[in-house]
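Take a look at the letters that make up each chain.
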Amino acid sequence: MESMLKKRVGIRLLALILLELALAAALVMLFDPFYQYHGPLPGMKAVLNDRDNQMAGTIRNFQYDSLLVGSSVAENFDSAYLDETYGCRSLKVIRASGSTADLLYYINMAQEKHQIKDIFWCLDLFALDAPAEVTLRGGDTPLYLHTDTILDDLPYLFNKEILLEKIPYMLAYSHEGINVDGDAYNWSRGKEFSAQKAMSAYDRANIVVNEEIEQKDFSDKKELISQNIRLLTEYIAANPQIRYRFLIPPYSLLWWDCAYVNGELEERFYILEEVLPALLSFENVEVYYFQNEEEIMCDLDHYMDMIHYSPEVNDLMLRRMAAGENRVTAEGIDGLIAYMRRLAERICTEEIFRYYPVQD
Amino acid sequence: MLFNSVIFIAVFLPLSLAGWYLLQKLENPVPAKLFLIGMSFWFYGYYNISYLWILLASLCFNYLVSGLMEKCRAEGPRRGRKILTAAGVLGNLGLLFYFKYFNFFIDNCNFFLHTDIHVEEIALPLGISFFTFQQISFLVERGRGNVEQPSLEDYCFFVSFFPQLIAGPIVLHSELLPQLQERRNRYFSWDNFYDGMTLFILGLAKKVLLADSLAVLVTAEYGNIPALDAPSAWLVIFWYMGELYFDFSGYCDMARGAAGMLGFRLPENFDSPFHAGSVREFWRRWHITLSRFLMQYVYIPLGGNRKGRARQCLNLLTVFLVSGLWHGANWTFVVWGLMHGCAVVFETLFPKARFRWEPLNKLVTGVFVTLSFSIFRSDSLAMAGLLWKKLFLGGNTGMLTGICNTLWFPENFAVLKFLQKAFPGLLNPFFISCMLLLSAVSLLLIRGRKAEQWIEEKGRTLSGSLILATLFVWSFLSLSRVSVFLYFNF
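Line by line, the protein sequences give chains H and P.
Residues in the first sequence are numbered from 1 upward in steps of one, following the numbering used here.
Residues in the second sequence are numbered from 1001 upward in steps of one, following the numbering used here.
Hints were generated in silico from the structure; no laboratory data involved.
A few of these clues could be false.
[As the list claims (entries may be wrong)] Calculated cross-link-like contacts (lysine to aspartate or glutamate; reagent style EDC-like; alpha-carbon spacing at most 16 Å):
{"hint": "1", "chain 1": "P", "residue 1": "K1033", "chain 2": "P", "residue 2": "D1154"}
{"hint": "2", "chain 1": "P", "residue 1": "K1417", "chain 2": "H", "residue 2": "E165"}
{"hint": "3", "chain 1": "P", "residue 1": "K1417", "chain 2": "H", "residue 2": "E161"}
{"hint": "4", "chain 1": "P", "residue 1": "K1417", "chain 2": "H", "residue 2": "E286"}
{"hint": "5", "chain 1": "P", "residue 1": "K1362", "chain 2": "P", "residue 2": "E1281"}
{"hint": "6", "chain 1": "H", "residue 1": "K7", "chain 2": "P", "residue 2": "D1191"}
{"hint": "7", "chain 1": "P", "residue 1": "K1082", "chain 2": "P", "residue 2": "E1141"}
{"hint": "8", "chain 1": "P", "residue 1": "K1421", "chain 2": "H", "residue 2": "E176"}
{"hint": "9", "chain 1": "H", "residue 1": "K7", "chain 2": "P", "residue 2": "E1456"}
{"hint": "10", "chain 1": "H", "residue 1": "K117", "chain 2": "H", "residue 2": "E286"}
[What the hints assert, rightly or not] Anything over 12 Å on all C-beta distances counts as not near chain P; from chain H, calculated:
{"hint": "11", "residue": "E2"}
{"hint": "12", "residue": "Y202"}
{"hint": "13", "residue": "E295"}
[Stated by the list, open to error] A short, non-exhaustive set of chain H residues, derived as facing chain P with CB atoms under 10 Å:
{"hint": "14", "residue": "M4"}
{"hint": "15", "residue": "L13"}
{"hint": "16", "residue": "L16"}
{"hint": "17", "residue": "I17"}
{"hint": "18", "residue": "A24"}
{"hint": "19", "residue": "I150"}
{"hint": "20", "residue": "L154"}
{"hint": "21", "residue": "P155"}
{"hint": "22", "residue": "Y156"}
{"hint": "23", "residue": "F158"}
{"hint": "24", "residue": "L163"}
{"hint": "25", "residue": "L164"}
{"hint": "26", "residue": "E165"}
We put the beta carbon where it would ideally sit given N, CA and C, even for glycine.
Work out the full structure, taking the sequences as your base and the hints as a guide.
Below is the structure:
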């Protein structure tokens, strides 16, 4: 009798558990904040505010024909402007480190289901001496984000953070129009861009004016740099139907000074000297260079740290590119690099002291 | 593997249950036993396969010693069995010493003898104290001739049975091996399955929903002791007591629940310890199987209470010193153990020194235990000293509100975000309400009925089933933030 009762209540309990689990999974599948199964629901805008978790899903399930690629400095670009100007439908593809291998991994994923016609690549020079292997499928990144199967989605479907944090966030942001449309992944809301803020991120060593700093030997990094550049050029060669526009963003004078103080300036120029001719050897590649924009780089009020600039700078870069300004040609490379060497020297021996006065 | 993990609940446990009961359909019980032994090894080696080799080495060593005893018994010499028992116990203690105490020993040599010995940090295998003590008890009983030599698969099953493998209870061979031979345990029974499943669910909820929530507060503040004031210090030590209580109680329920689903009854290890009216009674309710082990294999062999009051007190202090060291290689555990030893000695010497009103005795015991466990949780005696200074001389700097602000959970996330945007002035009162709610629920459950009682009385009603199902789903959905059990390191 007791056993019969326990069988009955046991089955009821199991049924209730299954029902509640199914309900939880159904809610996650319906709203799908990581866009693992579908794009935004009818009547809702796609809210893109969680780069690493949403990237793979949006690449698989969104409709687009162009990509805006880059690191965190590319997140504040208004991709809607690109869509209007170039008549495309773009998707932001972001990897915080700007790693070439990781970004190409995403681009290849995009090409599995989409015909890509334009790639706008905000190219970080510092990413070109980073490891040339894909790092996305290891470490803390949940594997389910990168697979098509639902079988490994348990941590997504049955997760109270998804249900009680991500979905409410998504609903609220969609309602308020935050991180939607061209504003995807824009992180500038509530951030302070000022000289004070930027300087708080850079503790400059007390270098005396005109002090000679020995530049480091970086010959051990040359192979890594060429591997990264090869990744880029091989991809471009294999996909000639795509139109590539590379934007090289303007980091602040702090970035240049930091390179100088650490003896890495020559390495930065080496990367520039290697990558520009490599890219410009292709007919379907355009390069837009903004590191010579003195007014921006030397005014720290545009920055919140050494490299992260305000959305106004992003806007300016897009407008200049659309107008054909700041474009580098193969013939102009030598002149540009010579100019940059002079500018870097002036930054490190003069401009920096406007912000970091010489100590006696 | 953790009980509170998706892999355990969604894959390992269903697979174990299915394999165990399906293989029982064979006439020969060995394949089912071998299957569950294999699953237990997977369970143990899941995070670090090298731990498995240590377990296997320990198993082989003890089984070999036990086998040699069998040979001695056949030939008759009683002395040989005693030597083998001593050698076996020493071997086990040696293993425990190397993995658990060697670094501590070297550190103290360096400190007290001013030496400069450097050794690599030795990683502590999960649950080594549990399976070592379990095997010591087996060898001692074998040496006394109280137990027959089991088959190799039965012995492996007894030691490695996954529900009790890494955090107890410390099961005696006489409790598990007979159950393994019982024919009725070989067949699926809704009786066992329902009791086990419900107990597992309540244990899971205690661990995931309460212990892990309290851990948010405790971890943040134990890392920030210098900044605490008196009210926050008192709350932090009570929260830690709550965290440890639900962590251990939850684990014990899950262990017994998982074993129950497989048709086995594990001994009770936790019996409403804060209903105790004395420290002595507390230890009859908290980690019952450890107290039993220490009583049987330390206290009684030392003479127990048979050699006069002074010797009894010394024996009690020794038992609690061993208990302290068993919990960890740190002076904080030694001091904690001795505090409990002194309290029990006091209660032995002055049995009438009690309040007439029993709730007051329970309160005093609870406060004493909580204070002592604050040392147990501290990283060092210096930190424990600082915490105690804060308890009594910390003043009131309004730190409490700051502590409550760490209570960001998915459950209150939407409300917090709304208040942050619409009514920022209400944020602090809301955080304090969350803290009060968490504390009140913890207190009510600590003072309330045992899980099994609740299941018996309410679990079978429709509302009881709904509560159980919701607790399970809520806990399961919380496993994305997996934490480790505190008792694994002991």
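To see whether the hints hold, each was checked on the structure:
For the suggested pair P/K1033 and P/D1154, the alpha carbons sit about 8 Å apart, so the restraint of at most 16 Å is met. Proposed proximity of P/K1417 and H/E165 is supported: the alpha carbons are some 10 Å apart, at most 16 Å. In summary, the hint linking P/K1417 to H/E161 is supported, as the alpha carbons are separated by about 14 Å, within the 16 Å threshold. Annotation: proposed proximity of P/K1417 to H/E286 is violated, straight-line Cα distance about 44 Å (limit 16 Å).
Of the pairs offered as hints, the one joining P/K1362 and P/E1281 holds, with about 10 Å between alpha carbons and a cut-off of 16 Å not exceeded. Among the hinted pairs, H/K7 with P/D1191 is consistent with the structure: their alpha-carbon atoms are about 7 Å apart, no more than 16 Å. A hinted pair counts as satisfied when its Cα atoms are at most 16 Å apart, and P/K1082 with P/E1141 qualifies at roughly 11 Å. In summary, the hint linking P/K1421 to H/E176 is supported, as the alpha carbons are separated by about 13 Å, within the 16 Å threshold.
In summary, the hint linking H/K7 to P/E1456 is supported, as the alpha carbons are separated by about 14 Å, within the 16 Å threshold. Our distance criterion of 16 Å between C-alpha atoms is met by H/K117 and H/E286, whose separation comes to about 14 Å. In this structure H/E2 is not separated from chain P by more than 12 Å, as the shortest Cβ-Cβ distance comes to only about 7 Å. The Cβ of H/Y202 sits about 29 Å from the closest Cβ of chain P, beyond the 12 Å cut-off, so the non-interface label holds.
No beta-carbon of chain P is positioned within 12 Å of the beta-carbon of H/E295; the least distance is around 37 Å. Hint status for H/M4 relative to chain P: holds, with the closest Cβ pair at about 8 Å, below 10 Å. With a cut of 10 Å, the hint placing H/L13 at the interface with chain P holds, because the nearest CB-to-CB distance is about 5 Å. Because the closest C-beta pair between H/L16 and chain P is about 4 Å apart, less than 10 Å, the hint holds.
Restraint check, H/I17 versus chain P: the minimum CB separation of about 5 Å is within 10 Å; hint holds. Taking 10 Å as the C-beta contact cut-off toward chain P, the hint placing H/A24 at the interface holds, the least distance being around 6 Å. Among the interface hints, the one on H/I150 is violated; its C-beta lies about 14 Å from the nearest C-beta in chain P, farther than the 10 Å criterion. Nearest Cβ of chain P to the Cβ of H/L154: about 5 Å, under the 10 Å cut. The hint holds.
Using the Cβ-Cβ criterion of 10 Å, the hint placing H/P155 at the interface with chain P is satisfied: the shortest such distance is roughly 6 Å. At its closest, the beta carbon of H/Y156 sits 9 Å from a beta carbon of chain P; the interface hint therefore holds under the 10 Å criterion. With a least beta-carbon distance of about 5 Å to chain P, the hint placing H/F158 at the interface is held under the 10 Å criterion. For H/L163, the interface hint holds, since its Cβ comes within 10 Å of a Cβ in chain P; the closest pair sits about 7 Å apart.
With a cut of 10 Å, the hint placing H/L164 at the interface with chain P holds, because the nearest CB-to-CB distance is about 4 Å. Because the smallest distance between the Cβ of H/E165 and any Cβ of chain P comes to about 5 Å, under 10 Å, the interface hint for this residue holds.
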